[in-house]
Amino acid sequence: MDNLALCEANNAPLTPITFLKRASEFYPNRTSIIYGETRFTWPQTYDRCCRLAASLLSLNIAKNDIVSVLAPNIPAIYEMHFAVPMAGAVLKPINTRLDAKSIAAIFRHAQPKILFVDRNLETLARATLHLLPDEEQRNLLVIFIDEPDRPKRISSNDQLDYEELIRRGEPSSSSVAGTFPVYLWTLPMFHCNGWNLTWSVAARGGTNVCIRHVSAPEIYKNIELHGVTHMCCVPTVLNILLQGNPLDMSQRSTPVQVLTGGSSPPAALVEKVQRLGFQVLHVYGLTEATGAVLFCEWHDEWSSIEVENVLYKYKKVLEAAVVAMPHPMWGETPCAFVVLEKRKTGQGDCDDQFMTREGDLIKYCRENLPHFMCPKRVVFMGELPKNGNGKILKHKLRNIAKSLVINDDNTIGIKHQISSLMENPYG
0 MDNLALCEAN NAPLTPITFL KRASEFYPNR TSIIYGETRF TWPQTYDRCC
50 RLAASLLSLN IAKNDIVSVL APNIPAIYEM HFAVPMAGAV LKPINTRLDA
100 KSIAAIFRHA QPKILFVDRN LETLARATLH LLPDEEQRNL LVIFIDEPDR
150 PKRISSNDQL DYEELIRRGE PSSSSVAGTF PVYLWTLPMF HCNGWNLTWS
200 VAARGGTNVC IRHVSAPEIY KNIELHGVTH MCCVPTVLNI LLQGNPLDMS
250 QRSTPVQVLT GGSSPPAALV EKVQRLGFQV LHVYGLTEAT GAVLFCEWHD
300 EWSSIEVENV LYKYKKVLEA AVVAMPHPMW GETPCAFVVL EKRKTGQGDC
350 DDQFMTREGD LIKYCRENLP HFMCPKRVVF MGELPKNGNG KILKHKLRNI
400 AKSLVINDDN TIGIKHQISS LMENPYG
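Here numbering that gives the first Met the number 0 is used: the first residue of the sequence shown is 0, the next is one more, and so on.
Simulated crosslink set (BS3-like; lysine-lysine; CA at most 30 Å straight-line):
id : residue 1 : residue 2
1  : Lys375    : Lys362
2  : Lys393    : Lys271
3  : Lys91     : Lys20
4  : Lys271    : Lys390
5  : Lys271    : Lys375
6  : Lys385    : Lys100
7  : Lys91     : Lys390
8  : Lys393    : Lys341
9  : Lys315    : Lys220
10 : Lys393    : Lys362
11 : Lys362    : Lys341
12 : Lys91     : Lys62
13 : Lys341    : Lys401
14 : Lys390    : Lys375
15 : Lys362    : Lys385
16 : Lys401    : Lys315
17 : Lys314    : Lys341
18 : Lys112    : Lys91
19 : Lys271    : Lys220
20 : Lys362    : Lys401
In short, the hints are calculated from the structure, not lab data.
Let the sequences and hints guide you as you build the complete structure.
This is the structure we're talking about:
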(Lines of atoms letter the chains of each structure in order from A and count residues from 1; the text may use other names and numbers.)
(Lines give C-alpha, C1' and ligand atoms only; values in the text may rest on other atoms or scores of the structure.)
Protein backbone atom coordinates (compact mmCIF):
# COMPACT_ATOMS: atom_id res chain seq x y z
CA MET A 1 0.00 0.00 0.00
CA ASP A 2 2.90 2.34 0.71
CA ASN A 3 3.91 2.22 -2.95
CA LEU A 4 0.40 2.68 -4.33
CA ALA A 5 0.40 5.65 -6.66
CA LEU A 6 -2.35 8.19 -6.09
CA CYS A 7 -4.83 8.46 -8.93
CA GLU A 8 -8.41 9.53 -9.56
CA ALA A 9 -9.70 6.08 -8.60
CA ASN A 10 -8.23 6.06 -5.08
CA ASN A 11 -7.80 9.73 -4.27
CA ALA A 12 -11.06 11.44 -5.24
CA PRO A 13 -12.07 14.47 -3.14
CA LEU A 14 -15.36 14.08 -1.30
CA THR A 15 -17.36 16.90 -2.82
CA PRO A 16 -21.06 17.11 -3.77
CA ILE A 17 -20.01 18.66 -7.08
CA THR A 18 -19.31 15.14 -8.32
CA PHE A 19 -23.01 14.32 -7.90
CA LEU A 20 -23.84 16.84 -10.61
CA LYS A 21 -21.23 15.57 -13.04
CA ARG A 22 -22.33 11.98 -12.47
CA ALA A 23 -26.00 12.86 -13.00
CA SER A 24 -25.16 14.53 -16.32
CA GLU A 25 -23.30 11.42 -17.49
CA PHE A 26 -25.62 8.69 -16.20
CA TYR A 27 -28.99 10.42 -16.67
CA PRO A 28 -28.59 12.53 -19.84
CA ASN A 29 -32.29 12.44 -20.74
CA ARG A 30 -33.74 12.92 -17.29
CA THR A 31 -35.26 16.21 -16.23
CA SER A 32 -33.19 17.95 -13.56
CA ILE A 33 -35.25 21.10 -12.96
CA ILE A 34 -38.86 22.07 -13.53
CA TYR A 35 -39.88 25.68 -12.98
CA GLY A 36 -43.20 26.63 -14.49
CA GLU A 37 -42.83 26.02 -18.23
CA THR A 38 -39.03 25.86 -18.01
CA ARG A 39 -37.30 22.48 -17.92
CA PHE A 40 -33.65 21.46 -17.93
CA THR A 41 -31.95 18.09 -18.24
CA TRP A 42 -29.01 17.11 -16.06
CA PRO A 43 -26.46 17.75 -18.87
CA GLN A 44 -27.96 21.22 -19.34
CA THR A 45 -27.77 21.94 -15.62
CA TYR A 46 -24.17 20.74 -15.48
CA ASP A 47 -23.27 22.94 -18.46
CA ARG A 48 -24.97 25.99 -16.93
CA CYS A 49 -23.18 25.47 -13.61
CA CYS A 50 -19.80 25.12 -15.34
CA ARG A 51 -20.37 28.33 -17.29
CA LEU A 52 -21.44 30.18 -14.16
CA ALA A 53 -18.35 28.93 -12.31
CA ALA A 54 -16.14 30.10 -15.20
CA SER A 55 -17.84 33.50 -15.13
CA LEU A 56 -17.19 33.82 -11.41
CA LEU A 57 -13.51 33.06 -11.95
CA SER A 58 -13.38 35.68 -14.71
CA LEU A 59 -14.58 38.20 -12.10
CA ASN A 60 -11.53 37.37 -9.97
CA ILE A 61 -13.40 35.28 -7.42
CA ALA A 62 -10.71 33.48 -5.43
CA LYS A 63 -10.69 30.47 -3.15
CA ASN A 64 -12.86 30.94 -0.02
CA ASP A 65 -14.39 34.21 -1.26
CA ILE A 66 -18.02 34.64 -0.24
CA VAL A 67 -20.75 34.69 -2.89
CA SER A 68 -24.21 35.55 -1.55
CA VAL A 69 -27.61 35.07 -3.13
CA LEU A 70 -30.93 36.65 -2.18
CA ALA A 71 -33.58 34.70 -4.03
CA PRO A 72 -36.54 32.35 -3.53
CA ASN A 73 -36.53 28.73 -4.69
CA ILE A 74 -35.82 29.35 -8.38
CA PRO A 75 -33.38 27.47 -10.68
CA ALA A 76 -30.67 30.12 -10.26
CA ILE A 77 -30.18 29.51 -6.53
CA TYR A 78 -30.14 25.75 -7.10
CA GLU A 79 -27.41 26.08 -9.74
CA MET A 80 -25.34 28.28 -7.45
CA HIS A 81 -25.11 25.41 -4.97
CA PHE A 82 -22.83 23.73 -7.52
CA ALA A 83 -21.33 26.61 -9.50
CA VAL A 84 -20.02 28.59 -6.52
CA PRO A 85 -18.07 25.69 -4.96
CA MET A 86 -16.87 24.77 -8.48
CA ALA A 87 -15.15 28.15 -8.50
CA GLY A 88 -13.63 27.45 -5.08
CA ALA A 89 -15.82 30.04 -3.38
CA VAL A 90 -18.25 29.76 -0.46
CA LEU A 91 -21.98 30.13 -1.05
CA LYS A 92 -23.87 32.25 1.48
CA PRO A 93 -27.63 32.16 0.81
CA ILE A 94 -29.58 34.93 2.54
CA ASN A 95 -32.90 34.44 4.30
CA THR A 96 -35.38 36.32 2.10
CA ARG A 97 -37.65 36.97 5.10
CA LEU A 98 -35.10 39.08 6.95
CA ASP A 99 -35.26 42.86 6.97
CA ALA A 100 -32.58 45.14 5.50
CA LYS A 101 -30.95 45.81 8.88
CA SER A 102 -30.46 42.10 9.59
CA ILE A 103 -29.08 41.39 6.11
CA ALA A 104 -26.67 44.33 6.37
CA ALA A 105 -25.34 42.88 9.63
CA ILE A 106 -24.72 39.56 7.85
CA PHE A 107 -22.88 41.33 5.04
CA ARG A 108 -20.68 43.25 7.46
CA HIS A 109 -19.70 39.94 9.04
CA ALA A 110 -19.37 37.78 5.91
CA GLN A 111 -17.93 40.42 3.54
CA PRO A 112 -19.31 38.86 0.31
CA LYS A 113 -17.61 39.75 -2.98
CA ILE A 114 -20.71 39.17 -5.13
CA LEU A 115 -24.42 39.35 -4.38
CA PHE A 116 -27.00 37.77 -6.69
CA VAL A 117 -30.46 39.30 -6.23
CA ASP A 118 -33.82 38.13 -7.51
CA ARG A 119 -35.47 41.03 -9.31
CA ASN A 120 -38.55 40.83 -7.07
CA LEU A 121 -36.30 41.45 -4.06
CA GLU A 122 -34.55 44.49 -5.54
CA THR A 123 -36.15 46.92 -3.07
CA LEU A 124 -34.91 44.87 -0.11
CA ALA A 125 -31.44 44.59 -1.63
CA ARG A 126 -31.13 48.32 -2.27
CA ALA A 127 -32.32 49.13 1.25
CA THR A 128 -29.66 46.76 2.58
CA LEU A 129 -26.89 48.29 0.50
CA HIS A 130 -27.74 51.79 1.71
CA LEU A 131 -26.97 50.61 5.25
CA LEU A 132 -23.44 49.53 4.30
CA PRO A 133 -20.43 51.86 4.40
CA ASP A 134 -19.47 53.37 1.03
CA GLU A 135 -16.29 51.30 0.83
CA GLU A 136 -18.18 48.04 1.31
CA GLN A 137 -20.68 49.09 -1.35
CA ARG A 138 -17.89 49.75 -3.84
CA ASN A 139 -16.32 46.35 -3.13
CA LEU A 140 -19.57 44.44 -3.65
CA LEU A 141 -20.60 43.35 -7.13
CA VAL A 142 -24.39 43.08 -7.36
CA ILE A 143 -26.07 41.02 -10.09
CA PHE A 144 -29.83 41.00 -10.59
CA ILE A 145 -31.55 37.81 -11.73
CA ASP A 146 -34.33 38.56 -14.20
CA GLU A 147 -36.95 36.09 -15.37
CA PRO A 148 -37.61 34.67 -17.85
CA ASP A 149 -35.06 36.63 -19.89
CA ARG A 150 -31.36 36.86 -19.17
CA PRO A 151 -30.08 39.46 -16.68
CA LYS A 152 -29.60 43.01 -17.92
CA ARG A 153 -26.84 45.49 -17.13
CA ILE A 154 -28.16 47.95 -14.57
CA SER A 155 -27.07 51.57 -14.21
CA SER A 156 -27.29 53.14 -10.77
CA ASN A 157 -26.07 56.08 -8.72
CA ASP A 158 -25.08 53.79 -5.84
CA GLN A 159 -21.51 53.39 -7.20
CA LEU A 160 -22.16 49.67 -7.59
CA ASP A 161 -21.02 47.49 -10.44
CA TYR A 162 -23.71 45.46 -12.15
CA GLU A 163 -22.69 42.79 -14.65
CA GLU A 164 -24.47 40.28 -16.78
CA LEU A 165 -23.57 36.79 -15.59
CA ILE A 166 -26.40 34.24 -15.61
CA ARG A 167 -27.88 33.06 -18.91
CA ARG A 168 -30.76 30.69 -19.33
CA GLY A 169 -30.27 27.58 -21.44
CA GLU A 170 -32.83 26.21 -23.87
CA PRO A 171 -35.67 24.45 -22.05
CA SER A 172 -36.07 20.74 -22.54
CA SER A 173 -39.27 18.81 -23.08
CA SER A 174 -37.90 15.55 -21.72
CA SER A 175 -40.03 13.87 -19.10
CA VAL A 176 -39.26 12.43 -15.71
CA ALA A 177 -38.45 8.74 -16.10
CA GLY A 178 -38.67 5.72 -13.85
CA THR A 179 -39.28 5.85 -10.12
CA PHE A 180 -36.61 8.39 -9.32
CA PRO A 181 -37.50 11.08 -6.76
CA VAL A 182 -39.43 14.15 -7.83
CA TYR A 183 -38.66 16.67 -5.12
CA LEU A 184 -40.86 19.73 -4.53
CA TRP A 185 -38.98 22.71 -3.10
CA THR A 186 -41.29 23.82 -0.29
CA LEU A 187 -38.29 24.20 2.02
CA PRO A 188 -36.20 27.35 1.43
CA MET A 189 -32.81 26.60 -0.11
CA PHE A 190 -31.38 29.36 2.09
CA HIS A 191 -32.23 27.20 5.12
CA CYS A 192 -29.10 25.10 5.71
CA ASN A 193 -28.77 24.60 1.93
CA GLY A 194 -32.26 23.16 1.84
CA TRP A 195 -31.24 20.58 4.46
CA ASN A 196 -28.64 19.41 1.91
CA LEU A 197 -31.36 18.18 -0.46
CA THR A 198 -29.87 20.47 -3.14
CA TRP A 199 -27.06 17.94 -3.54
CA SER A 200 -29.01 14.83 -2.56
CA VAL A 201 -31.44 15.14 -5.47
CA ALA A 202 -28.50 15.33 -7.88
CA ALA A 203 -26.93 12.28 -6.25
CA ARG A 204 -30.11 10.33 -7.00
CA GLY A 205 -30.58 11.79 -10.46
CA GLY A 206 -34.00 13.03 -9.41
CA THR A 207 -36.02 16.04 -10.46
CA ASN A 208 -36.19 19.40 -8.68
CA VAL A 209 -39.57 21.13 -8.88
CA CYS A 210 -38.93 24.78 -8.03
CA ILE A 211 -41.69 27.12 -6.87
CA ARG A 212 -41.38 30.80 -6.06
CA HIS A 213 -44.20 30.98 -3.50
CA VAL A 214 -45.28 28.31 -1.02
CA SER A 215 -49.06 28.09 -0.91
CA ALA A 216 -51.57 25.25 -0.79
CA PRO A 217 -52.76 25.75 -4.41
CA GLU A 218 -49.17 25.87 -5.69
CA ILE A 219 -48.18 22.75 -3.76
CA TYR A 220 -51.18 20.68 -4.83
CA LYS A 221 -50.89 21.88 -8.44
CA ASN A 222 -47.28 20.77 -8.72
CA ILE A 223 -47.92 17.46 -6.97
CA GLU A 224 -50.58 16.70 -9.57
CA LEU A 225 -48.69 18.01 -12.62
CA HIS A 226 -45.29 16.47 -11.93
CA GLY A 227 -45.98 13.43 -9.75
CA VAL A 228 -44.10 14.78 -6.73
CA THR A 229 -42.74 12.03 -4.48
CA HIS A 230 -40.87 13.97 -1.78
CA MET A 231 -40.87 17.33 -0.03
CA CYS A 232 -39.53 18.90 3.17
CA CYS A 233 -41.03 21.64 5.29
CA VAL A 234 -41.45 23.15 8.73
CA PRO A 235 -44.70 22.34 10.59
CA THR A 236 -46.16 25.68 9.49
CA VAL A 237 -46.32 24.38 5.91
CA LEU A 238 -48.21 21.31 7.14
CA ASN A 239 -50.84 23.75 8.37
CA ILE A 240 -50.86 25.40 4.94
CA LEU A 241 -51.68 22.03 3.39
CA LEU A 242 -54.75 21.79 5.61
CA GLN A 243 -56.01 25.19 4.49
CA GLY A 244 -56.13 24.35 0.78
CA ASN A 245 -58.39 22.11 -1.27
CA PRO A 246 -56.58 18.76 -0.99
CA LEU A 247 -56.11 16.52 -4.00
CA ASP A 248 -57.69 13.11 -4.19
CA MET A 249 -54.49 11.13 -3.76
CA SER A 250 -56.23 7.83 -3.13
CA GLN A 251 -55.18 6.58 -6.58
CA ARG A 252 -51.47 7.16 -5.95
CA SER A 253 -49.46 3.97 -5.52
CA THR A 254 -47.34 5.62 -2.81
CA PRO A 255 -47.98 8.69 -0.64
CA VAL A 256 -45.90 11.86 -0.87
CA GLN A 257 -43.01 11.50 1.57
CA VAL A 258 -42.62 14.57 3.80
CA LEU A 259 -39.73 15.36 6.15
CA THR A 260 -40.67 17.99 8.70
CA GLY A 261 -38.44 19.68 11.26
CA GLY A 262 -37.38 23.05 12.64
CA SER A 263 -39.86 22.63 15.49
CA SER A 264 -41.85 19.72 16.85
CA PRO A 265 -45.11 19.10 14.96
CA PRO A 266 -48.03 18.20 17.22
CA ALA A 267 -49.16 14.62 16.77
CA ALA A 268 -52.69 15.74 15.87
CA LEU A 269 -51.32 17.92 13.05
CA VAL A 270 -49.30 15.02 11.65
CA GLU A 271 -52.37 12.78 11.77
CA LYS A 272 -54.47 15.32 9.86
CA VAL A 273 -51.85 15.71 7.13
CA GLN A 274 -51.36 11.97 6.79
CA ARG A 275 -55.08 11.54 6.22
CA LEU A 276 -54.65 13.77 3.13
CA GLY A 277 -52.24 11.27 1.58
CA PHE A 278 -48.86 12.42 2.91
CA GLN A 279 -46.41 10.22 4.82
CA VAL A 280 -44.83 12.49 7.44
CA LEU A 281 -41.50 11.80 9.13
CA HIS A 282 -40.32 14.13 11.89
CA VAL A 283 -36.57 14.79 11.81
CA TYR A 284 -34.22 16.73 14.04
CA GLY A 285 -30.93 18.28 13.09
CA LEU A 286 -28.67 21.27 13.61
CA THR A 287 -27.08 23.59 11.11
CA GLU A 288 -23.76 22.64 12.68
CA ALA A 289 -24.53 18.98 11.98
CA THR A 290 -25.28 19.81 8.31
CA GLY A 291 -28.67 18.21 8.19
CA ALA A 292 -31.03 15.84 9.93
CA VAL A 293 -29.28 13.65 12.50
CA LEU A 294 -32.29 12.10 14.25
CA PHE A 295 -35.43 10.59 12.76
CA CYS A 296 -38.63 10.10 14.76
CA GLU A 297 -40.21 6.98 13.32
CA TRP A 298 -43.97 6.78 13.65
CA HIS A 299 -45.32 4.25 16.18
CA ASP A 300 -49.04 3.73 16.65
CA GLU A 301 -48.57 2.74 20.27
CA TRP A 302 -46.96 6.07 21.12
CA SER A 303 -49.16 8.90 22.37
CA SER A 304 -48.41 12.45 23.42
CA ILE A 305 -49.70 14.17 26.55
CA GLU A 306 -48.72 17.65 25.46
CA VAL A 307 -51.41 20.28 25.76
CA GLU A 308 -50.75 21.45 22.20
CA ASN A 309 -51.65 18.03 20.83
CA VAL A 310 -55.04 18.15 22.53
CA LEU A 311 -55.70 21.68 21.26
CA TYR A 312 -54.86 20.66 17.69
CA LYS A 313 -57.48 17.92 17.92
CA TYR A 314 -60.18 20.53 18.50
CA LYS A 315 -61.78 20.81 15.08
CA LYS A 316 -61.70 24.62 14.85
CA VAL A 317 -58.04 25.07 15.88
CA LEU A 318 -55.55 25.78 13.10
CA GLU A 319 -52.46 26.59 15.19
CA ALA A 320 -51.72 26.39 18.89
CA ALA A 321 -48.78 27.11 21.17
CA VAL A 322 -48.62 26.73 24.95
CA VAL A 323 -46.29 28.58 27.30
CA ALA A 324 -46.14 29.23 31.03
CA MET A 325 -47.89 32.16 32.69
CA PRO A 326 -47.66 33.38 36.30
CA HIS A 327 -50.06 31.87 38.84
CA PRO A 328 -50.55 33.25 42.37
CA MET A 329 -50.74 29.78 43.95
CA TRP A 330 -48.80 27.39 41.68
CA GLY A 331 -46.16 29.81 40.46
CA GLU A 332 -46.77 28.92 36.81
CA THR A 333 -49.64 27.45 34.83
CA PRO A 334 -50.22 26.77 31.11
CA CYS A 335 -51.42 29.54 28.81
CA ALA A 336 -52.58 28.70 25.27
CA PHE A 337 -52.26 30.94 22.22
CA VAL A 338 -54.60 29.79 19.48
CA VAL A 339 -55.29 30.60 15.83
CA LEU A 340 -58.70 29.43 14.66
CA GLU A 341 -59.59 28.18 11.22
CA LYS A 342 -61.30 30.55 8.82
CA ARG A 343 -64.92 29.79 8.03
CA LYS A 344 -66.71 30.73 4.84
CA THR A 345 -69.45 33.35 5.10
CA GLY A 346 -71.38 35.48 2.66
CA GLN A 347 -68.87 38.26 3.31
CA GLY A 348 -65.84 36.03 2.78
CA ASP A 349 -63.57 34.33 5.31
CA CYS A 350 -63.78 35.16 8.99
CA ASP A 351 -62.34 33.76 12.21
CA ASP A 352 -64.35 31.23 14.16
CA GLN A 353 -63.44 33.16 17.29
CA PHE A 354 -66.93 34.56 17.67
CA MET A 355 -68.30 31.02 17.63
CA THR A 356 -65.57 29.55 19.84
CA ARG A 357 -65.06 30.91 23.33
CA GLU A 358 -62.14 30.62 25.69
CA GLY A 359 -64.25 28.48 28.00
CA ASP A 360 -64.99 26.00 25.21
CA LEU A 361 -61.31 25.21 24.71
CA ILE A 362 -60.54 25.05 28.41
CA LYS A 363 -63.47 22.68 28.92
CA TYR A 364 -62.26 20.52 26.01
CA CYS A 365 -58.78 20.32 27.52
CA ARG A 366 -60.18 19.37 30.93
CA GLU A 367 -62.09 16.54 29.26
CA ASN A 368 -58.92 15.20 27.64
CA LEU A 369 -56.10 16.07 30.05
CA PRO A 370 -55.30 15.93 33.75
CA HIS A 371 -56.73 19.16 35.13
CA PHE A 372 -53.36 20.48 36.32
CA MET A 373 -52.14 20.40 32.71
CA CYS A 374 -55.05 22.39 31.29
CA PRO A 375 -54.51 26.02 30.24
CA LYS A 376 -56.02 28.57 32.59
CA ARG A 377 -56.12 31.20 29.84
CA VAL A 378 -56.64 30.96 26.07
CA VAL A 379 -55.59 33.92 23.93
CA PHE A 380 -56.97 34.07 20.39
CA MET A 381 -54.64 35.52 17.74
CA GLY A 382 -54.86 36.12 14.02
CA GLU A 383 -51.37 34.68 13.55
CA LEU A 384 -48.69 33.24 15.80
CA PRO A 385 -45.32 35.01 15.73
CA LYS A 386 -42.76 33.07 13.68
CA ASN A 387 -39.17 33.49 12.60
CA GLY A 388 -37.95 33.52 9.02
CA ASN A 389 -38.01 29.73 8.86
CA GLY A 390 -41.59 29.43 10.10
CA LYS A 391 -40.74 28.37 13.65
CA ILE A 392 -43.10 29.71 16.32
CA LEU A 393 -41.36 32.31 18.49
CA LYS A 394 -42.42 31.13 21.91
CA HIS A 395 -40.23 33.67 23.69
CA LYS A 396 -42.52 36.40 22.37
CA LEU A 397 -45.55 34.52 23.62
CA ARG A 398 -43.88 34.11 27.02
CA ASN A 399 -43.39 37.87 27.20
CA ILE A 400 -47.13 38.33 26.64
CA ALA A 401 -48.01 35.60 29.13
CA LYS A 402 -45.97 37.32 31.84
CA SER A 403 -48.49 40.17 31.82
CA LEU A 404 -51.47 37.86 32.29
CA VAL A 405 -53.30 37.17 35.52
CA ILE A 406 -55.95 34.60 36.28
CA ASN A 407 -58.70 37.16 36.63
CA ASP A 408 -59.58 39.63 33.86
CA ASP A 409 -58.37 42.90 35.36
CA ASN A 410 -55.44 43.15 32.94
CA THR A 411 -57.34 42.48 29.70
CA ILE A 412 -56.46 45.85 28.12
CA GLY A 413 -52.75 45.26 28.62
CA ILE A 414 -52.80 41.91 26.88
CA LYS A 415 -54.73 43.29 23.90
CA HIS A 416 -52.23 46.10 23.52
CA GLN A 417 -49.27 43.72 23.58
CA ILE A 418 -50.83 41.39 21.03
CA SER A 419 -51.55 44.32 18.72
CA SER A 420 -47.95 45.52 18.98
CA LEU A 421 -46.60 42.03 18.45
CA MET A 422 -48.65 41.29 15.34
CA GLU A 423 -47.35 44.41 13.59
CA ASN A 424 -44.29 42.23 12.94
CA PRO A 425 -45.15 38.59 13.68
CA TYR A 426 -41.90 37.42 12.05
CA GLY A 427 -39.67 39.81 13.97
